[in-house]
Amino acid sequence: MPLSLPKDRTKRVAAVMEHASGDKRFKILETHMKRHQYKADALIEVLHKAQELFGFLDNDLLLFVAYRLKLPPSRVYGVATFYHFFTLKPHGKHTCVVCMGTACYVKGADRVLAAVQDKAKIRPGETTPDKSVSLLIARCIGACGLAPAAVYDGTINARQTPESALQQLKGWLTNGSE
Amino acid sequence: MVLNDLIQIKERELASRKKYVLRCCMAAGCMSSNAQSLKDELEKAVAAAGLKDEVEVRGVGCLKLCCQGPLVQADPAEILYERVKPEDAAAIVAALKGGQAKVSQGDLNHPFFTRQMSIVLANSGIVDPERIDSYIAADGYLALRNALREMEPKEVTDTIVRSGLRGRGGAGFPTGLKWGTVAKSTGTKKYVICNADEGDPGAFMDRSVLESDPHAVLEGMALAAYAVGADQGYIYVRAEYPLAISRLQTAIKQAKQYGLLGSGVFESPFNLTIDLRLGAGAFVCGEETALMASVEGKRGTPRPRPPFPAEKGLWNCPTLINNVETFANVPAIVRNGAEWFAGIGTEKSKGTKVFALAGKIKNTGLIEVPMGTKLRDIVEDMGGGAPDGGTIKAVQTGGPSGGCIPAGSLDTPVDYESLSKLGSIMGSGGMIVMDQATDMVDVARFFMEFCMDESCGKCVPCRAGTAQMHHLLSKIVARKATAEDLAKLEELCDMVKHTSLCGLGQTAPNPVMSTLRFFRGEYTERLQPDTLGRPGTESAVPAGSRAT
Amino acid sequence: MCAKTLTIDGNEVSAADDATILDAATEAGIKIPTLCHLEGVYDIGACRLCLVEAVGIPKLLPACTTKVVEGMNVRTDTERIRKYRRINLELLFAERNHVCSVCVSNNHCELQTLAYNHGMDHVRYDYLFPKWAVDTTHPRYGMDHNRCILCTRCVRVCWHVEGAGTLNTAGRGARSQIIADLIQPWGEADSCTSCGKCVMACPTGALFQRGATVGEMEHDREKLEFIITAREKKQWIP
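Residue numbers (the numbering used here), protein chains in the order written: chain V, 17 to 194; chain S, 3 to 550; chain B, 127 to 364.
Since the hints were made in silico from the structure, they are not lab data. Worth double-checking, as some hints may not be accurate.
Just the calculated beta-carbon pair ranges, DEER-fashion [what the hints assert, rightly or not]:
#1 K86/V to Q530/S: 54 to 60 angstroms
#2 E46/V to D7/S: 20 to 26 angstroms
#3 I363/B to P106/V: 53 to 59 angstroms
#4 T204/B to A56/V: 41 to 47 angstroms
#5 Q438/S to G245/B: 45 to 51 angstroms
#6 G141/V to D149/B: 42 to 48 angstroms
#7 K360/B to K191/S: 31 to 37 angstroms
Chain V regions said to be covered by chain B (calculated; three or more residues, Cβ under 8 angstroms) [as the list claims (entries may be wrong)]:
#8 67-80
#9 88-97
Note that the Cβ used here is the ideal one computed from N, Cα and C, for glycine as well.
Construct all of the structure, not just a fragment, from the sequences and the given hints.
Take a look at the structure:
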């Protein structure tokens, strides 16, 4: 979906709007903004919705939001990059979130993370070159009773070990095994 | 809605209660262990046994012993089933009328349960958080009705003042005093905000309260709004808590349908709208001025106080911000009276505190104990001590803003002042137990990394200071630091603590300072000789270069 | 207008009712060091260099955002404050890549001057050497993130004096950076009016006029003050 934007301002606005007109998701986003009366205060709510619809926030999406809420693009970008929940890059097919909260950390989450990093050869925040797996760390998912916990494709898994994490990764990494 | 309607709903709800109840924990911990399909299976098993008229399968909030989830409690027999699998459903249903199910049972007479005292969690595990009638049956919204119809706003504030309730978000500011300030602030528009941006790693009390008893939080907010004269409320909740968000949305919708939110609540002139605002992964937004910036759709950076939110808050209007647990205490206080609440706890810390017990401890989960309970009672009796024959080395409270309390100080009572004397803080309620295998310098480095990542970057001491402290701690962990580095670290702790703009920076050095205070040896044993060949002991450093 | 009297460093000082400690001190000729403060734009209390002590108040107070209180006794230059200021400056120097000898702002730099004034002859902390780029895509100005101290004076003049909203802070913590529009190369940021106020506002060599070489870049602060006074007070004072 990324769009290469023309340098000229009016052409750029037109390009973004035209791009948006052919995509149903932009319509849903538009409705959401309308519900907030296109208020600038709703920026974070709107970005949440945008990420839910598109999976990540790329530049033309951010520009669309900026134009619609009548905000400078720098404000939208500043907010989108302040909050860790927002991602400006697409995730891989699968996501692996290792919780690094205190309870998980003292119970060995660092070893789980190290094993995943080693195997997938990516660092937290990165996606494998073949786009199969994204590795993320969470500050605490609030599942401290299950420590160490990891979230695989949205499902929380309790009491992880390096072995159990690697088992999970096995099926995901298309050519990850040596 | 009037008082009679409340009574009728309660009576209808109680009359429809069945003889047997299977309470299934549907909070996030158990949900992640397949609690939903377990509940479905139980319902099927009840139907298959032809017991639909006698047995209620109720989804409830947290049953507290999270490490043994999914949990199911059978009533009236009072049996707690642990680690229940969907295939155990038939056996559990069969055992309702006597007999034994071959499913592991928890000991409800264990101190973990018997030493708890529930105010905030009174409904947790009992009411169905997705049904407002279930909350009303537990006398929900009665306090709001009585306040709106029989009390002046000032009386509500006075009740909170006399109860001695202090903020449960960490700092322990007297709640009634805060309410009084907002009530006195002039302004036609005022706001009430519930801080549900529970960011401390290792803390999940607020999440559990929101998932288990969302109406108590709404009622507490409504009482606060009435007391201070606000008509708009916001709940700022972490986007990482989808279940809490959906239960809050359901609760708000139901409360609106019953006219308990909206205009003319209980046929009084009181109006209140409550909206959700989702956090987006920024720990600093737990700080009230940063939180307000975020509600306004901006970067969540704090600003200097004064002006305090009570005078100039959201959109420059007087704003009351309290934490989830604080609000959840309010309905019970208004219902039972200030004196009842003030009779619980210690002289300066009243009531109870909810803790999320986790880490190297046998029983992890949620506990609520009276203020002043000894740490030892919590971790040894209730928590059951360290697992696998380990020994407890320290207890961490207050997360990245708190400190590590050594095993030798376990007889400390848990209250705001005692914890602060030990260089820690009450915090929001995370309690992480560490055993002999835990490396305290590494723990300090872990927390500093957290603060460095979560620093908003606005003020220099927090932004650059945490980065430099993290660098020094990493050097110490890697055994590449000299005694001079340790002196620099201590000097930086002092500087960052006293010069940072907001609470994040001001408390970021706490984990380092407390581990240095109680576990200094773990730092010094790693020090290396410096380039002048002076040994890695502290006395080798000339006095002039030592931090004072 | 009612006035307040207070003591600053032992001097009796009177100040306007809504004055800050910094206003009162400046009026009385007492210099308090600042970095994020810029006359004419609102204060954010971020650099923490202007922290002062007040007798009877345990916390240090940012002079730029704290209003004077009748009878207050302020100390701006105690040993403790001097120590904190020096550490603060050292942290700034260690945080990014400030190399004065090759900087366009050498000898015209507020950070450098403050370091001289506080006797900071070396940095005791390890330099963290982060990797930062230099943006020279704008036809007239350049942006060197290596020399940025994130005081956001440029952002505030861009929003609140020029009104363009081109610049902003993005990211957070030590990875914060000043961006133009959607983190575009500055030269492609179409909201930029090329007014140059951000360059005038910058205290270091982070924002500079292209073509300036080592030590040549002066920030023309007077011009900025002239514009702000003209806009806010409708007074054109050359």
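Structure-based check of all given hints:
About 58 angstroms separates the C-beta atoms of K86/V and Q530/S, a value consistent with the hinted range of 54 to 60 angstroms. A C-beta distance of roughly 41 angstroms is found between E46/V and D7/S, which places it outside the suggested range of 20 to 26 angstroms. Remark: the range hint 53 to 59 angstroms for I363/B to P106/V is upheld by a beta-carbon distance near 54 angstroms. Checking the proposed 41 to 47 angstroms range against T204/B and A56/V shows it holds: the Cβ atoms sit about 43 angstroms from each other.
Distance hint for Q438/S and G245/B: a CB-CB separation of about 47 angstroms, consistent with the stated range 45 to 51 angstroms. Look at G141/V against D149/B: about 45 angstroms separates their beta carbons, and that is inside 42 to 48 angstroms. Distance hint for K360/B and K191/S: a CB-CB separation of about 32 angstroms, consistent with the stated range 31 to 37 angstroms. Under a criterion of three residues with beta carbons nearer than 8 angstroms to beta carbons of chain B, the stated coverage of the stretch 67-80 of chain V is upheld, 3 such residues being counted.
Counting residues of the stretch 88-97 of chain V whose CB lies closer than 8 angstroms to any CB of chain B gives 8, so the stated coverage by that chain holds, three being the minimum.
Of the numbered hints listed earlier, the single one contradicted by the structure is hint 2.
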